[in-house]
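Chains as they are written, first to last, in our numbering: chain E, 51 to 439; chain A, 5 to 434; chain R, 1482 to 1712; chain Y, 29 to 284; chain U, 18 to 332.
Don't read these hints as lab results, they were simulated from the structure.
There may be inaccurate statements among the hints.
[Stated by the list, open to error] On the chain U side, residues computed to face chain E include the following (Cβ under 10 Å):
1) 102
2) 104
3) 108
4) 124
5) 133
6) 153
7) 156
8) 233
9) 285
10) 287
[Claimed, not checked] With beta-carbon atoms standing in for the labels, derived distance ranges:
11) R:1484 <-> Y:65: 35 to 45 Å
12) E:372 <-> A:383: 33 to 43 Å
13) Y:100 <-> R:1661: 37 to 47 Å
14) E:421 <-> A:297: 47 to 57 Å
15) U:141 <-> E:372: 28 to 38 Å
16) A:297 <-> E:413: 49 to 59 Å
17) U:293 <-> E:255: 32 to 42 Å
18) U:151 <-> E:421: 39 to 49 Å
19) R:1589 <-> A:343: 36 to 46 Å
20) R:1552 <-> U:179: 50 to 60 Å
21) U:172 <-> R:1552: 38 to 48 Å
We put the CB at the ideal spot given by N, CA and C, even for glycine.
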Amino acid sequence: EDTIKIGYIDPLSGGGASVGEGGLKTFQYLADELNAKGGILGKKIEIIGLDNKTNPQESLVQAQKAIDAGVRYITQGNGSSVAAALSDFVTKNNTRNPGKEVLYFNYAAVDPSLTNEKCSYWHFRWDASSDIKMEALTNYMKDTPSIKKVYLINQDYSFGQSVRTDARKMLGAKRPDIQIVGDELHPLLKVTDFSPYIAKIKASGADSVVTGNWGQDFALLLKAAADAGLKVNWYTYYAGGAGGPTAVKQTGLDHQVFQITEGFANSGNKAAMDYEKAFRAKVNLSLWYPRAVNEMRMFKAAAEKANSIDPVKVAAALEDLKFEVLDGGQGIMRKDDHQFLQPIYISSFGKLTESEPFDEESTGWGWHLVSKIDTPQAMVSTTCKMARP
Amino acid sequence: MTTTKTSTSKIADKPAGDGLRFYGVWLIGIAALIVLPIVFSSGGSLTSFSLIGIAIVFALSYNILLGQTGLLSFGHAVHYGLGGFAACHMMNAVVSHGWPIPLPFIPLFGGLGGLVFAIIIGWVMTKRAGTVFAMISLGIGELVASSSLILRSVFGGESGITTDRTALPKMFGWSFGPQLQVYYLIAFWLVLSAIAMYALTRTPLGRISNAVRDNPERVQFIGYDPHVVRYLAFCFAGFFAGVAGSLAAINFEIANSAYLGAIQSGLVLFSTFIGGTAYFFGPILGAILVTYLQLGLTSVTSVWQLYFGIIFIGIVMFSPGGIAGLVMMHRPLVRAGTLWTVIPSYLVAVVPTVALACGIILTIETIARYSGGEVINLFGIGFKPTSPVTWVAAAVLVIGGAFVARLTWRRIADAWDRAATVARDRGYLA
Amino acid sequence: MLEVRDLHAYYGKSHILQGVDLDVAAGEVVSLLGRNGVGRSTTVKAIMGEVAPQGTIRFKGKDIAGLPSYKIARLGLGYVPEHRDIFPSLTVRQNLLLGVKDTRRPGKWRLQDMLDMFPNLAARADTAAGVLSGGEKQMLTTCRTLMGDPDLIMIDEPTEGLAPLIVQQVGDLIARIAQAGVAILLVEQKLSIAMRISKRVYIMGHGRVVFEGTPDELKANAAVRQEWLEV
Amino acid sequence: MSGAVSGKRAAIEVRAVEKRFGNVGIIRDLNLSVAQGERHAIIGPNGAGKSTTFNLISGHIKPTAGEVRLNGDLISGLRPFEINRRGLSRSFQVTNVFARMSVWENVRCAVLWATGHRYAFWKNVDSLPEVRERTAQILDDIHLTHRRDVPAGLLTYAEQRELEIGITIASGATVVMLDEPTAGMSHAETDRAVSLIRRLTEGKTLVIVEHDMSVVFGLADRISVLVYGHIIASGTPEEIRRDPKVKEAYLGEEAH
Amino acid sequence: MLELIVISTLNGVLFGMLLFLLSSGLTVIFSMMGVLNFAHASFYMLGAFFGFQLTKWIGFWPALVLAPLLVGAIGMAVERYGLRNTHKHGHVAELLLTFGLAFAIEEIVSMIWGKSPVDYRVPSLLDFPAFTIFSTNYPAYKLFMLAVSVVIFIALLIVLKRTRVGLIVQAALTHPHMVGHLGHNVGRVFMVVFGVGSALAGLAGVIAGPALVTQSDMAAALGPILFVVIVFGGLGSLPGAFVASLVIGLVQTFAVALNGSLASAFGPLDPSAGPSVLTDVWNVTIAQVAPIVPYLLLVIILIVRPMGLMGTRES
Ligand SMILES: Nc1ncnc2c1ncn2[C@@H]1O[C@H](COP(=O)(O)OP(=O)(O)OP(=O)(O)O)[C@@H](O)[C@H]1O
Ligand SMILES: Nc1ncnc2c1ncn2[C@@H]1O[C@H](COP(=O)(O)OP(=O)(O)OP(=O)(O)O)[C@@H](O)[C@H]1O
Ligand SMILES: CC(C)C[C@H](N)C(=O)O
Ligand SMILES: [Mg+2]
Ligand SMILES: [Mg+2]
């Protein structure tokens, strides 16, 4: 075997297709980049795109298919429901087929349970867990006195629910005076018109909305807000995803939409910005997933450290591996739960200054730094009791 | 009419050879199931075989409705899914309570899951046949699938319910961890269910179901309540769908709302119809083809859905009896000994037809890969989607292929007519 | 008006019509007789284009063999099939209205005429035609075809399944149609009606016409009756 | 199912039955009594309500008023299959067979309930000797043994009519109702059908609707004449033939 | 509260009218030809994408006319070369044909326009708030959608009342030959009916595209609900489809707008009982069950009144 096959299991059709395809292109770009530099330990990397239609069971079919075809590394991100199933699957697979272990690199599914009660030795997560993000986000909101009434709207599945419960809990602790005027869960990737929800937000008199919505669920939400002329502040996880920026621009919300990420185009870090530029030139997309860059680079680092591409050895090498992330600063793959700890940023979307070259979706607007949270502040403890082989 | 009671033939006065042949087919099938994983031992084929086995049970159960009783259901996956969930819960319960129930018995509980729901919901559903039934089944299907996302404690929401099949008590020392053991478990239940469902078609109920399918009004005047007949058929279909669902749950060790959904219901309708509803083995062929396409097509082309669509449109238009219909069309010719007269025209048609197909594939792939510039590999020949050479090749294949193929198809039709006439004259064709 | 020469027709490979010749002049009533299964219905079907015809069929001087049946109908050839083929889910009125080919050019038969002629139908004008009794259905089909204002109407076994009294009524209807100047090709088994109203009769046997003459000639010719009609 | 209790009891007793569709009264004050073992013909003009009467008796539709008794038991309001199970079987004016099933299967299905196999899903139909024998016997009776494996939809019209009769009598019902069994048949076929009916309904009660007077007068012990949903005359063939009302309303001057 | 009611009513009516626009075509096809056209929503999608593309090339207004015509032409071709040959094999075959077609169309669309939403904008002429109630804008474009739907409804009613097309098609379902013998060109009538039905779907696509998402999975999202509408309203009944569309539009919108759950009405359950079906049912909000309400309505109506709200026949 002179190639390392990575199975990319994410939606390539259906409501999640736009984000899924973006991810696939990102990983393909990363693979090309690594291959151009000689690959990992001299082996070329091949990304195999597998469509899971955002469905846990279909993901397992695809994962099994990939493993049958010799894949030993799987990466996935769009959907914590899928992630839970995959993690479970990989764990079982590895206990039942010793010598044929598979590693699961999670680049976006941020349900905290994946690194807590459901944690697995074979699962590694590069995105900040949802509670870490909410911790940071509420810390920022805490210091914004104008926030009085908050509306929560989230997708009805594990991730959306964790955003919602964490927001309630943390806001309640940090700003008891803030009133939660609405707490909505809607079906995942099925709503085509959010106007009724917007009407409700409007009627509630909220001044801020907190949402973990992603993919079309975010773009359509903002689109409906634009139509109705709803002007509130939005605290989001994924406003930067496909369609989001366009909708925000349409609504005319200048620097009223906030996003929490591990990096963004106008972060000011020279290396990251050069990278962004090259990426956009080739892929014709913004780099939504700086964490994917970290993931692939750390994979290489770990493989080289272990001097092997055997998943078991790579997994061991990844534990507690320290790494200089794309947007600058130290990150570490925490051994206890395989959560990558890294600096995270809050940015807002709006008109750009001179020093901010990157706009989004040709809107002329782009992301602007609001707050940076360093690694030590960007961590929460874990309850994971890792079962090690 | 002087056959003894032990006679095995379907209809009493048919030659005993038929009975031998009948059992022969089943025995060959079972033997094939046993040796398949030995011949094709790669992990990939094991996975495929397992999925195909599940799909066959599911499609056969659907044919109890569609083919046998004439009920078009858009919600058959409900029973499949509930069977899956029932199996998952049962497995988890067995583990947590330490019950001495080994894995191979689990599909029974899955079947019960499907059956119980059928018993509850079936009576109102089967009051009417036709469009009303079809639409109610669509509604129930969507209803159950959506409710499953709400009733989180039972259905586990978006992520579903997981389980560990190896944690159950062992049987013959098998842990059912390795896929091979799971395959044999599926194969075992496949054989069991297939025999049971085949036997069902040969019972009074099975026959009356056919009568209800053909003419529900008349059935009332020979003493039967068509509603009861439909209801019973619905329950049986629900049971075996539940068995199929639980096999899937065992295979994947997860059950989630997608099991219950419209896509799954549509897929089984597809498989069954494509295979052919008029023959018992039709759905088997359909399930094999559809599952195979699902697994295989996705890995060779990104636009697999398009091929999926085209293949189905083709089969629906040109072979409305499904694959089984196509196969069985030849039986009278075989009996009359005139099959050989059509074979040459088939052979002649193969070349242009394949050329036409290649042309179509080349055209589609050229369009699909134009922007990516990825090379198209057809029979080991690489085509660049951006090169005019490819376009010309595609055009030539499509136009030339279509032209010549039509001629050869006409030849087949003529040869057929002749062979069929002979067969009719010899009394093998009605 | 209608001229059929050497008409052949097949069902699959079985050669049903083996060279039928017949003529119907304008305004003439002609009967086509014969035993069951000799191909009388097939003859009319072939003329109407429902069964693929081989041979010459000329209507009003125009060759109509092979035309789609709606075109043939538009030329003024009406057809009442033997199985009545009423549209069961439509009402009686709607059935009749569908007989009209072109709403802009109403013909000489009006809906009201039809209802006047058959009080039975009038009483059920707005019930679904599917529940009509056998006899009512027969009347409905004939009236429906008349609504299309045909110059020649071909009626296949109009009296099948009718009560004796109604058979007489149908006979009267046919006579009335004939009086209105419409030519009729009547396919019948019941000799009495055919003899009463036709000007000429054809008898079919073995897929071709075996006798042609006036009713009186047929009456006189016991041998032909014996061989081709009686059992 | 013998009429042992009272040999004199009427097989079918229709009392003061009315049927309206919307506000059209189709059947008005219908009274009809058919003795056990009798061959009773119902004649009348088209649209008089003969088929409707069949439908009312067999449970296909329910009367608006009045009652129907079978061997003394009230059956109006029961569903068709319930009535059938009590020993009444009918055929249809429009051929109504199981088109995709073979001739053999058609008849066998009709035999199953009566032989007590009902909804059984644990028995092999092919190994039920009494079912097999009875089916074979009926096929023989209706002369369709040579067509046993042909799908019913492919039979000729006359054969389908014969099959229709076969299905009707297969259950062994004691009361058999035939709606225009010979419609559309040629003379030869009609004659054959008549002798078939005569033979198959030996010892049973027969109610038949026919427009072919040779069939009616050849077969019936008694005849009722139905006009506009009402029986205007009832009697032996001779009485009916002579009845002037009947002549006027039905037979016309052309009576054979 | 009043604000919410007014806005929700407006939204509900609008969504209902969009449903009607789609289901009118499906009703016409289904009721007349008996074809369960699973590809109907795909024609809607084609309408949206054609609308998008043509808007780019020649502007929105010409596209509004041209795109439905194109879709109608495709519909006619589908009828002529597909359904017509399949018709004799029964409704299941026809249905599967359209099923396959829906698959193929979705893939073709994503081959050409990709899987992400395209940027299909409201025409600038209508891109302003028509009026503001309770500080909520009501876009002019939504009013335009409403107007178009109403006009189509009235036009269809008139056309269907006036022409005998409906009768011809219905008659042809049972006896196509006979209809031919009466001088009607059955083939052409079927083709036109199917074409018109598809064109209506196309029109719905063109005008809904800018308001909702125009994406290659938009058909799949809307398909099943259309069947709910036409069956609920009563097969073959255009007024029925109209009423059903409104009912479903309003019910769904209001369901989302309502916050209630059993827990909010009767107080929370004893938490010590732990999670169970009961707690799920107890805590679920009306808004969460909004998506299943239409199916619930469908099942209930079919059980109590199988011909649907205003239908006259069962199938
Ligand atoms: N659809 C068909 N397929 C095959 N053979 C047919 C078909 N229709 C009729 N036939 C055969 O063609 C022959 C002529 O049929 P046709 O209906 O023309 O007879 P007919 O003279 O009208 O007699 P009838 O009194 O039965 O109406 C018959 O032998 C019949 O069996
Ligand atoms: N469901 C119904 N709704 C309305 N009218 C009906 C219905 N069923 C039958 N009729 C009417 O009742 C009358 C009697 O019909 P029926 O079929 O009983 O006549 P019939 O005596 O059998 O005539 P034929 O000898 O022509 O078969 C007819 O006028 C018919 O139109
Ligand atoms: C791609 C992401 C938006 C997925 C989401 N964070 C989840 O956990 O489900
Ligand atoms: Mg005839
Ligand atoms: Mg009758």
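How the hints compare with the structure:
Violation of the interface hint for residue 102 of chain U is found here, the shortest Cβ-Cβ separation to chain E being roughly 30 Å, above the 10 Å cut-off. For residue 104 of chain U, the suggested interface contact is broken, since its CB lies about 31 Å from the closest CB of chain E, more than 10 Å. Contact between residue 108 of chain U and chain E, as hinted, is not supported at the beta carbon level, the nearest pair being about 28 Å apart and thus beyond 10 Å. Given the 10 Å rule on beta carbons, the hint for residue 124 of chain U holds: about 9 Å separates it from the nearest Cβ of chain E.
Annotation: interface hint on residue 133 of chain U holds; nearest CB of chain E at approximately 4 Å, less than 10 Å. Checking residue 153 of chain U against chain E: minimum C-beta separation of about 5 Å stays under 10 Å; hint holds. Interface restraint check: residue 156 of chain U against chain E, minimum CB-CB distance 5 Å, threshold 10 Å, status holds. The restraint placing residue 233 of chain U at the interface with chain E holds, with a minimum CB-CB distance near 7 Å, inside the 10 Å limit.
Because the closest C-beta pair between residue 285 of chain U and chain E is about 14 Å apart, greater than 10 Å, the hint is violated. Nearest Cβ of chain E to the Cβ of residue 287 of chain U: about 20 Å, over the 10 Å cut. The hint is violated. For residue 1484 of chain R and residue 65 of chain Y, the hinted distance range of 35 to 45 Å is not satisfied, since their beta carbons lie about 59 Å from each other. Between residue 372 of chain E and residue 383 of chain A the beta carbons are some 51 Å apart, a value that contradicts the proposed interval 33 to 43 Å.
The hinted window of 37 to 47 Å between residue 100 of chain Y and residue 1661 of chain R is violated, with their beta carbons roughly 57 Å apart. Taken as a hint, the range 47 to 57 Å holds for the pair residue 421 of chain E and residue 297 of chain A, whose Cβ atoms sit roughly 51 Å apart. A beta carbon spacing of about 54 Å between residue 141 of chain U and residue 372 of chain E contradicts the range 28 to 38 Å that was offered as a hint. Checked against the given bound of 49 to 59 Å, the beta carbons of residue 297 of chain A and residue 413 of chain E, roughly 42 Å apart, lie outside it.
The supplied range of 32 to 42 Å is met by residue 293 of chain U and residue 255 of chain E, whose beta-carbon atoms lie about 35 Å from each other. At about 35 Å, the CB distance of residue 151 of chain U to residue 421 of chain E disagrees with the hint of 39 to 49 Å. One distance hint, 36 to 46 Å for the beta-carbon pair residue 1589 of chain R and residue 343 of chain A, is violated here, with the actual separation near 60 Å. Checked against the given bound of 50 to 60 Å, the beta carbons of residue 1552 of chain R and residue 179 of chain U, roughly 25 Å apart, lie outside it.
Our hint of 38 to 48 Å for residue 172 of chain U and residue 1552 of chain R is violated, since their Cβ atoms are close to 31 Å apart.
The earlier numbered hints that this structure contradicts are 1, 2, 3, 9, 10, 11, 12, 13, 15, 16, 18, 19, 20 and 21.
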